[in-house]
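Working from the sequences, and respecting the hints, build out all of it.
2 protein chains.
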Amino acid sequence: MVHNFNAGPSILPKEVFQEASEAILNFNNMGLSILEIGHRTDAFQSVMDEAQSLTRELMNLNAGKEVLFLHGGASTQFFQVPMNLLDEKSGAAYLDCGVWGTKAIKEAKLYGNVEVVASSKDRNYSYIPKGYSIPDKASYFHYTTNNTVEGSQMHAIPETDIPLVADMSSDILSTDMDFNRFALIYAGAQKNIGAAGVNVVITDQEILGKVSRKLPAMMDYREHIKNGSMLNTPPVFAVYVCMLTLRWLKKIGGVKAIQKLNEKKAALLYDTLDQLPLFTPTVAKEDRSLMNAVFTMADADLEKAFLATCKANGMYGVKGHRSVGGFRISMYNALPYESVEAVTDLMKDFANKNG
Amino acid sequence: MVHNFNAGPSILPKEVFQEASEAILNFNNMGLSILEIGHRTDAFQSVMDEAQSLTRELMNLNAGKEVLFLHGGASTQFFQVPMNLLDEKSGAAYLDCGVWGTKAIKEAKLYGNVEVVASSKDRNYSYIPKGYSIPDKASYFHYTTNNTVEGSQMHAIPETDIPLVADMSSDILSTDMDFNRFALIYAGAQKNIGAAGVNVVITDQEILGKVSRKLPAMMDYREHIKNGSMLNTPPVFAVYVCMLTLRWLKKIGGVKAIQKLNEKKAALLYDTLDQLPLFTPTVAKEDRSLMNAVFTMADADLEKAFLATCKANGMYGVKGHRSVGGFRISMYNALPYESVEAVTDLMKDFANKNG
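Line by line, the protein sequences are chains G and H.
Under UniProt numbering, think of the first position of the first sequence as 1, with each following residue one higher.
Under UniProt numbering, think of the first position of the second sequence as 1, with each following residue one higher.
No lab work stands behind these hints, which were simulated from the structure alone.
Predicted model, so just to flag it, every value in this text is computed and none were measured.
A virtual CB, placed ideally from N, CA and C, is assigned to each residue, including glycine.
Watch out, some of these pointers could steer you wrong.
[Claimed, not checked] A few chain G residues facing chain H, derived, Cβ under 7 angstroms: (1) V2; (2) A20; (3) I24; (4) L25; (5) G38; (6) E107; (7) Q190; (8) G197; (9) P216.
Structure below.
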C-alpha cells in the first residue's frame with residue numbers, strides 16, 4: 001500500500017488514472033489515442049466544453065465568468081496577470097504570505113507600481129497577516145489563498161471594493177466559498193484539478209482591456225476567451241485529466257462534500273501533531289492549511305529516522321520544502337482519509353518508541 | 001484498421017502509447033502514476049535528463065547547445081523569441097511562408113522593427129520564396145522550416161552570418177541536417193516529438209542576454225537554462241511522452257533512418273497525386289513538404305465524396321485546413337508506410353470510379 005503526500009504534482013483519484021490510461025490506448029472507442037487526436041475535432045471540443053461547464057457548476061459561477069484552460073503553471077500567471085490588469089497609473093496591491101506570493105510580486109513589479117499591503121516574512125511566513133488595509137485606487141488586490149510551501153491558508157476572503165485576484169493553485173475546489181467575489185482566479189492544475197501543464201483561469205470580461213500596453217496574443221486573456229480557450233493547440237491531455245477529475249469531484253458530491261472530508265483529514269492530522277510533543281507544527285493555529293501540514297522535530301537525527309520510517313511504509317512526499325525544512329503532509333482532495341490514518345498511526349508509534 | 005493523418009496533435013508510435021498508458025497506472029514500478037509524482041524526484045529528473053540527452057544525440061548537437069522543454073506551444077515562442085532576442089536597435093528579419101510565419105511576424109513587431117525579407121502570400125503561400133537577401137545587421141533571421149497548413153517545406157538552410165532562428169514544429173527530427181547551424185530552434189512537440197503542451201527549445205547561451213528589456217522569469221531562456229528546464233513544475237507527462245518518442249526514434253535508427261522512410265512515404269503519395277488528374281497538389285513541386293501533402297479537387301461534390309470515402313475507410317484528419325481547403329495528408333515520423341499505401345490505393349480506386 002502506497003500513500004502519496006506529494007505537494008504537487010500530487011495524488012489524483014484512482015479512477016482518473018484508470019480512465020486516462022485507457023484513453024491513451026483508445027479514446028472514446030475511436031481506435032485512436034487521446035494523444036493523437038486533433039484539438040479541433042468534435043471529440044476534443046466535447047472534452048473542453050465539459051471541463052469548462054463542470055468548473056462552472058462546481059464553483060457555482062455566474063454567467064459572466066469566463067473559464068479558460070491555458071498553457072503553463074501559476075508561474076506563468078505571475079506575469080500574465082499584471083500584464084493584463086496592472087494599470088501603470090494605479091498600480092496593484094499584493095499580500096506577501098509565502099514564496100509563491102513573493103514571486104508573484106516580483107513579476108508584477110515589471111509592469112508597474114506594486115504596494116505590498118502586508119507580509120509575514122518576519123516570521124518565515126508562519127502566519128497570515130491581519131489588520132492590513134487595501135488601497136482603494138489600485139488596479140487589483142492579489143493574494144495566495146493557500147501557501148503550499150509554508151502550510152498556511154487564508155480562511156476568509158478579504159473585504160475590498162477593488163477587483164480581487166487570487167492564486168488558488170493549491171486549494172482550489174477544496175473548500176466552499178463564494179468564488180464569484182473574485183475578478184480573476186488562477187490555479188496550476190497539478191494539485192486539486194488535474195495533471196501538470198495547464199492553468200485554470202476564471203475571469204470577468206469587464207476587468208480586461210483596461211491597460212494600454214500591447215499584449216502578445218498568447219498572453220491576452222481576451223484572445224483566449226474569443227477563441228474558446230483554443231487560441232492555439234491546448235495541452236490536450238492535461239485538459240482531459242482535468243475533465244476526469246472534475247467529473248469525479250461532482251460524482252462524490254462536489255465542493256461541499258470534499259470540504260467535509262478535507263476538514264476531517266486535517267483535524268486528524270493536526271490533532272495528532274498537537275498531542276505528540278515530538279512534532280512541532282510551524283504555522284499559527286488559526287492559519288493552518290487544510291491542504292499542506294508543515295511540522296518539524298527538535299532533533300535532526302530523529303527527523304532522519306522518521307523520514308526513513310515513512311519511506312519504509314510506502315509514504316511518498318513527506319519531506320518538507322528545502323526553504324522550511326522538516327516535514328510536509330499534503331492532503332489534497334484525492335488523498336483518502338486512510339492515508340492520513342496511516343501516517344498519524346505511524347507518528348504515534350514513532351513517538352512511543354522515541355518520545 | 002485506422003489511419004491517422006492528423007496534422008497535429010498527430011500520430012505517435014504505438015509503443016509510446018502502450019508505455020505511456022502503463023506509466024499512468026504504475027510508473028517505474030513505484031506504485032504511483034506518472035501524473036502524481038513530484039517533478040523534483042529522482043524518478044522525474046531521470047526522465048528530463050534522458051529527454052534532453054536523446055535530443056542532443058539524435059540531433060548531433062554541439063556541447064554549447066542548451067535543450068529546454070518549456071510550457072506552451074510554438075505560439076508562445078512567437079513572442080518569447082523576440083522578447084529574448086530582438087534588439088530594438090538592430091531589428092529582426094523574417095521570412096513569410098505561411099500562416100505560422102505570419103503569426104510569428106505579428107508578435108515580433110511588438111518588440112521592435114521587423115524586416116520581412118520575402119513572402120509567398122501573393123500565391124496563397126503555395127511556394128517558398130527564393131533569391132531574397134538577409135540583412136547582415138539584424139538580431140536574427142527567423143523562418144518556418146515546414147508550413148503545416150500550406151504543405152510547403154524549406155529543403156535547404158538559408159546562408160547568412162546572422163543568428164538563424166527556426167520554427168521546426170512540424171518537421172523537427174524528420175530529416176537529417178546540420179542542426180548546429182541554428183542559434184535557436186523551437187518546436188511544439190505535438191507532431192514529431194510527443195504530446196501537446198510542451199515546446200522543445202534548443203539554443204546557444206551566447207545569443208541570450210543582449211536585449212535591455214526586462215523579462216518575466218518564465219519567459220527568460222537563461223532562467224530555464226539555469227534551472228535545468230525546471231524553473232517551475234514542467235508539463236511532466238508531456239515531457240515523459242517526448243522521452244518515449246525520442247527513445248523510439250533512436251531505436252529505429254535515428255534521424256537518417258526516419259528520413260529514408262519519410263522520403264519513401266512522400267514519394268508514394270506525391271507520385272500518386274501526380275499520376276491522377278483528379279487530384280491537384282497545391283504546392284510548387286520543388287517546395288513540397290515531406291510532412292504535409294496538400295491537394296484539391298476541381299469538383300466540390302467529388303471532394304465531399306472523397307472525404308466520405310476516407311472516413312468510411314477509417315482515415316482521420318484528411319480534410320484540409322479551412323484557409324486552404326481541399327485535403328491534407330500529414331505523414332509525420334510515426335505514420336507507417338502502410339497508411340500511405342492505404343490512402344493512395346483509395347485515391348486510385350476513387351479516380352477509377354470518378355475520373
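For each hint, the structure was consulted:
1. V2: 4 angstroms, holds
2. A20: 5 angstroms, holds
3. I24: Check passed: Cβ of I24 of chain G comes within 4 angstroms of chain H, closer than 7 angstroms.
4. L25: Holds - the Cβ of L25 of chain G comes within 7 angstroms of chain H, reaching about 5 angstroms at its closest.
5. G38: Nearest chain H Cβ about 5 angstroms off; hint holds.
6. E107: Where the cut-off is 7 angstroms and the nearest Cβ of chain H is about 5 angstroms from E107 of chain G, the hint holds.
7. Q190: Since the shortest Cβ distance to chain H is 6 angstroms, the answer is holds.
8. G197: 3 angstroms, holds
9. P216: With a minimum Cβ separation of about 3 angstroms from chain H (threshold 7 angstroms), the hint on P216 of chain G holds.
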